[in-house]
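S.K.: From just these sequences and the hints, can you work out the full model?
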Amino acid sequence: MTTNSTSADPSLEKVWNQVESGEKVHVENIKGLYDNWTSSYDEDLRKHRYYGPSYAGSTFAEHCPEKGVHILDIGSGTGLVGEQLHALGYTDIVGVDISRKSLDVADKKGVYKRLVCAEVGKDKLPFGNNEFDGLVCCGCMLPNHFRPGCLREWVRVVRPGN
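Just so you know, our numbering puts 52 at position 13 of the sequence shown, and the rest follows in order with no gaps.
Hints are not guaranteed to be accurate.
[What the hints assert, rightly or not] Here are the computed distance ranges between Cβ atoms for each label pair:
1) ARG139 / SER93: 34 to 44 Å
2) GLU82 / ARG198: 32 to 42 Å
3) GLU67 / ARG198: 15 to 25 Å
4) GLY71 / GLY107: 32 to 42 Å
Simulated from the structure, these hints should not be mistaken for lab results. Beta carbons: idealized from backbone N, C-alpha and C, even for Gly.
M.R.: Next up, the structure:
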């Protein structure tokens, strides 16, 4: 992906520039970027033909065809992955994201059982051990987005062998 100063999507360009710089960015700046991007986020990603949510949904379905599973969508944002999972027949989906405004957009889509605003990896997630059957994370494994401890939490909340 290349961006330039004439980009029609200034929020996308800001996020990409922070990723490319490799510099440490304060979590509040990342949260603010996504909070300020909610009004055009879904459309901006569609316009750039970002198919990550579709691939994430179909890959999850390929490896977990049972529709009654309890799924954790990490970095759920505005709910693009949740929409894909729901369209594939999954209905027990919980989303977690740092941006309250993104979660407000996701909530309006009606595909999540619960939405939690949290900084993934900073604190213990508000879920029990082995609570989920599966986990999906799409488009979030970028510099400055998750703390290293997040992986331990993901393993803690997902049932072994699933």
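S.K.: Sort out which numbered hints this structure fails and list those numbers smallest first.
M.R.: Per hint list: 1 and 3 violated.
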